[in-house]
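S.K.: Read off the chains here:
Number of protein chains: 2
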Amino acid sequence: MAVYEGPVQALIDELGRLPGVGPKSAQRIAFYLLKAAPEDAKRLATAIVDAKERVSWCRRCFNIAEGELCAFCRDPGRDDTLICVVEEPRDIVAVERTQEYKGRYHVLQGAISPIEGIGPDQLRIRELLLRVDGEGVQEVILATNPNIEGEATAMYLARLLKPLGLRVTRIASGLPVGGDLEYADEITLGRALEGRRTLDG
Amino acid sequence: MAVYEGPVQALIDELGRLPGVGPKSAQRIAFYLLKAAPEDAKRLATAIVDAKERVSWCRRCFNIAEGELCAFCRDPGRDDTLICVVEEPRDIVAVERTQEYKGRYHVLQGAISPIEGIGPDQLRIRELLLRVDGEGVQEVILATNPNIEGEATAMYLARLLKPLGLRVTRIASGLPVGGDLEYADEITLGRALEGRRTLDG
Chain A
1 MAVYEGPVQA LIDELGRLPG VGPKSAQRIA FYLLKAAPED AKRLATAIVD
51 AKERVSWCRR CFNIAEGELC AFCRDPGRDD TLICVVEEPR DIVAVERTQE
101 YKGRYHVLQG AISPIEGIGP DQLRIRELLL RVDGEGVQEV ILATNPNIEG
151 EATAMYLARL LKPLGLRVTR IASGLPVGGD LEYADEITLG RALEGRRTLD
201 G
Chain B
1 MAVYEGPVQA LIDELGRLPG VGPKSAQRIA FYLLKAAPED AKRLATAIVD
51 AKERVSWCRR CFNIAEGELC AFCRDPGRDD TLICVVEEPR DIVAVERTQE
101 YKGRYHVLQG AISPIEGIGP DQLRIRELLL RVDGEGVQEV ILATNPNIEG
151 EATAMYLARL LKPLGLRVTR IASGLPVGGD LEYADEITLG RALEGRRTLD
201 G
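Chains as they are written, first to last, in the numbering used here: chain A, 1 to 201; chain B, 1 to 201.
If you're looking for bench data, these hints aren't it; they were derived computationally from the structure. Mixed in with the good hints there might be a few duds.
[Unchecked claim] Straight-line alpha carbon distances no greater than 25 Å define the calculated BS3-like cross-link-like pairs of lysine-lysine that follow:
hint: 1; chain 1: A; residue 1: Lys-102; chain 2: A; residue 2: Lys-35
hint: 2; chain 1: A; residue 1: Lys-42; chain 2: B; residue 2: Lys-102
hint: 3; chain 1: A; residue 1: Lys-42; chain 2: B; residue 2: Lys-162
hint: 4; chain 1: B; residue 1: Lys-42; chain 2: B; residue 2: Lys-24
hint: 5; chain 1: A; residue 1: Lys-42; chain 2: A; residue 2: Lys-24
hint: 6; chain 1: B; residue 1: Lys-35; chain 2: B; residue 2: Lys-24
hint: 7; chain 1: B; residue 1: Lys-42; chain 2: B; residue 2: Lys-102
hint: 8; chain 1: B; residue 1: Lys-42; chain 2: A; residue 2: Lys-24
hint: 9; chain 1: A; residue 1: Lys-42; chain 2: B; residue 2: Lys-35
hint: 10; chain 1: B; residue 1: Lys-162; chain 2: A; residue 2: Lys-24
hint: 11; chain 1: A; residue 1: Lys-35; chain 2: B; residue 2: Lys-35
hint: 12; chain 1: A; residue 1: Lys-35; chain 2: A; residue 2: Lys-24
Just chain A, with the same shape it has in the complex (with noise of 0.2 Å):
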């Protein structure tokens, strides 16, 4: 229903269609970017323009790039032998916050969910296997979500994968760092318990 004059409803509109923008943050960020002074109304509308037209996908790991390859790809100091395969670019930054890890990655750009209708020729798992065939690698750590989608995942890659003789691992699963037993769901403290390591000493 447009209620408002053409342009905001028109604004409104396209604000609503963002993931997590209901109508009512809609209509609060249109008043907003309306009350807001031109040159930072504008400023967003251009960021919008210059992400899409200056970034890509990198065309080895699937990450976001603004040329061809992404930092990571670029980086001749990291591990060519290991590769992460996680489900978004966002999870690499995930990743790299750890501080733990100096490998490759690789996007699969989502995660196999027959509700959403993402099948394995929808994800960049052609292009995983390529890379795996050429580059020398040692290892893949599969670090898709888990959740039902990451692990069926993980599941399917795990099957493509241990046939062509690498080592292939699977993040572990189990309690928060910091978290509490009593408020544990009784899946993740399965998997903590099938999950527990011999303590040293």
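Given the coordinates of chain A, assemble chain B onto it according to the supplied hints.
M.R.: Coordinates of chain B only, in the frame set by chain A:
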């Protein structure tokens, strides 16, 4: 902390300035836009620029308007003797939804809030007084929000308007229709008692 390629981080930063959009949502929206069809992203950018260029404030009531006057001020069928005073343009939409009001509006563009440094001078109060003086107004309905700032603003306006010899009214506070006494907060319930009406029959 800039963690993405320049244009992507710039987009995340700009999105993060919007009201109700935290760092996580900004990132989510940015990646959504990067994955979206170029024309979809372009449409949002254009909608922002368009709204800023074509929409300004009605010079009579300070609602949003595409031309000099807003749709309500242009409408010859509305009652000139009544002005409903609201804080924001979106409040007009809420009042219109009731289909009970056929008078004019006046948008203050905010409410008195010492905490946010907003005093009467930042609001369109002077313009309201000029309208009340010149347009044959008989009743001013104060429909600012029933919260601290809105109440203070209504009290302030009532004191200015009453000496001018017109009827000044305030919208009722009370329990929402369909609401439950048990779950009402004590202030709302207090207001509901205070504003009780005699039943006919």
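S.K.: Now tell me, hint by hint, if it's right for this structure.
M.R.: Against the structure, the hints come out as follows:
1. A:Lys-102 x A:Lys-35: violated, 46 Å
2. A:Lys-42 x B:Lys-102: Judged against 25 Å, a Cα distance of about 37 Å means the pair is violated.
3. A:Lys-42 x B:Lys-162: Judged against 25 Å, a Cα distance of about 43 Å means the pair is violated.
4. B:Lys-42 x B:Lys-24: This hinted pair holds, its Cα atoms lying about 22 Å apart.
5. A:Lys-42 x A:Lys-24: Roughly 22 Å separates the two Cα atoms, so the pair holds.
6. B:Lys-35 x B:Lys-24: Satisfied, since the Cα-Cα distance of roughly 17 Å is no more than 25 Å.
7. B:Lys-42 x B:Lys-102: With a Cα-Cα distance of about 39 Å, the restraint between Lys-42 (chain B) and Lys-102 (chain B) is violated, given a limit of 25 Å.
8. B:Lys-42 x A:Lys-24: holds, 22 Å
9. A:Lys-42 x B:Lys-35: Distance of about 22 Å is within 25 Å: holds.
10. B:Lys-162 x A:Lys-24: Violated. Lys-162 (chain B) to Lys-24 (chain A) sits at ~35 Å, over the 25 Å cutoff.
11. A:Lys-35 x B:Lys-35: violated, 29 Å
12. A:Lys-35 x A:Lys-24: Distance ~17 Å between Lys-35 (chain A) and Lys-24 (chain A) Cα, so the pair holds.
Violated hints, listed in ascending order, are 1, 2, 3, 7, 10 and 11; each of the other numbered hints is respected by the structure.
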